[in-house]
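Enquirer: Sequence:
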Amino acid sequence: MSAPSLTRQRARVGWFLTLPALVVVAAVTIFPVAYSVAISFTRVGLTYDGLRVEDWTLSNYATMLGSSAWREALVFTLGYTVVTVAVELVLGIAVAVLLDRLEVGRGWLLALLLIPWSMITVVSAQLWGYLYNATYGAVTWGLGLLLDEPPVILGTPAPAITAMAVADIWKTTPFVAVIVLAGLVRIPAERYEAAEVDGAGAWRTFVSVVLPALRPVVAVAVLFRVLQAFGIFDLPFVLTQGGPGTATQSLAMLGYRALFHDLDMGMGAAVATATGLLVLGCCLLFLRVFRSHVDEAGEGGAT
1 MSAPSLTRQR ARVGWFLTLP ALVVVAAVTI FPVAYSVAIS FTRVGLTYDG
51 LRVEDWTLSN YATMLGSSAW REALVFTLGY TVVTVAVELV LGIAVAVLLD
101 RLEVGRGWLL ALLLIPWSMI TVVSAQLWGY LYNATYGAVT WGLGLLLDEP
151 PVILGTPAPA ITAMAVADIW KTTPFVAVIV LAGLVRIPAE RYEAAEVDGA
201 GAWRTFVSVV LPALRPVVAV AVLFRVLQAF GIFDLPFVLT QGGPGTATQS
251 LAMLGYRALF HDLDMGMGAA VATATGLLVL GCCLLFLRVF RSHVDEAGEG
301 GAT
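Just so we're aligned, residue 1 is where the sequence shown starts under the UniProt record's numbering, counting upward by one.
Please keep in mind that the hints were generated in silico from the structure rather than gathered at the bench. Treat the hints with care, as some may be off.
[To be verified] Cβ pair distances, simulated, as ranges: (1) Ala21 with Glu149: 55 to 63 Å; (2) Arg186 with Trp108: 30 to 38 Å; (3) Leu19 with Val166: 44 to 52 Å; (4) Leu58 with Leu102: 38 to 46 Å; (5) Val97 with Pro150: 33 to 41 Å.
In this text, a Cβ means the ideal position worked out from N, Cα and C, and glycines have one as well.
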């Protein structure tokens with residue numbers, strides 16, 4: 001059998017073996033997404049028999065783009081994503097560098113570090129809700145010792161946003177730290193030795209040696225965290241219910257309320273579709289950045 005024929009046969013076997021998984025993916029992912037996109041272009045009525053498409057229209061998107069609620073949710077989601085991911089990246093790199101320098105107890109510290117990340121977000125949000133409670137919360141009590149009158153943390157927009165960001169940073173910084181630590185342990189010792197021979201100090205070594213080598217893993221960490229933060233739902237749903245008012249209402253919560261509170265299927269699908277397109281744009285942007293960083297790292301290693 002010739003090499004091209006053998007390659008084609010292996011390809012057919014590969015497609016045959018992966019076909020069941022592809023069918024499952026299509027059933028639970030592709031079809032619901034396509035159905036949601038189609039519904040977003042309709043005006044849907046609810047009957048005793050289920051959904052009834054009354055009209056095909058672009059009015060859902062026109063109403064959504066002209067809605068102040070959508071703009072506020074978009075601004076909040078974007079700002080929340082940028083701030084939390086930036087803080088998590090800085091803290092994650094710092095924690096990873098600390099763990100990389102440890103020679104004793106690294107395993108125990110890493111296990112403790114992963115406890116927040118391993119907690120279900122709903123449970124984590126409920127825990128922080130107890131801490132922020134205006135009556136018996138430990139955080140409220142601590143602020144009462146420092147301030148004349150402790151704030152109602154979850155009842156005021158700025159403190160509520162800050163409190164939610166703190167809860168998210170506490171939970172997801174370990175994820176960033178573990179990814180960065182995986183990149184740190186792969187840096188050859190010869191690079192540190194060469195920097196030391198050149199007379200570089202600790203900070204100069206970090207900037208010139210460590211950060212360039214960490215670009216690919218940092219890009220991956222940022223990509224995953226941006227996707228998670230942009231689609232945040234469970235944390236504000238449990239912690240603040242999108243309040244006070246709509247101060248912490250994310251795009252995901254806005255779509256949820258349109259679907260299940262207002263029973264406006266078309267509007268909810270439009271919000272979900274628009275959010276998905278924004279997330280897709282972020283994916284493509286970060287994949288491009290990630291690819292360029294991999295090329296830079298490869299060129300640096302070759303030289």
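Enquirer: All the hints need checking, so say for each whether the structure fits it.
Expert: Hint check results:
1. Between alanine 21 and glutamate 149 the beta carbon distance is about 58 Å. The supplied range of 55 to 63 Å therefore holds.
2. Distance hint check: the CB atoms of arginine 186 and tryptophan 108 are about 22 Å apart, inconsistent with the given range 30 to 38 Å.
3. A hinted range of 44 to 52 Å holds for the C-beta pair leucine 19 and valine 166, which are about 46 Å apart.
4. About 58 Å separates the C-beta atoms of leucine 58 and leucine 102, a value inconsistent with the hinted range of 38 to 46 Å.
5. At roughly 36 Å, the beta-carbon separation of valine 97 and proline 150 lies within the given 33 to 41 Å, and the hint holds.
In summary, the numbered hints that this structure violates are 2, 4.
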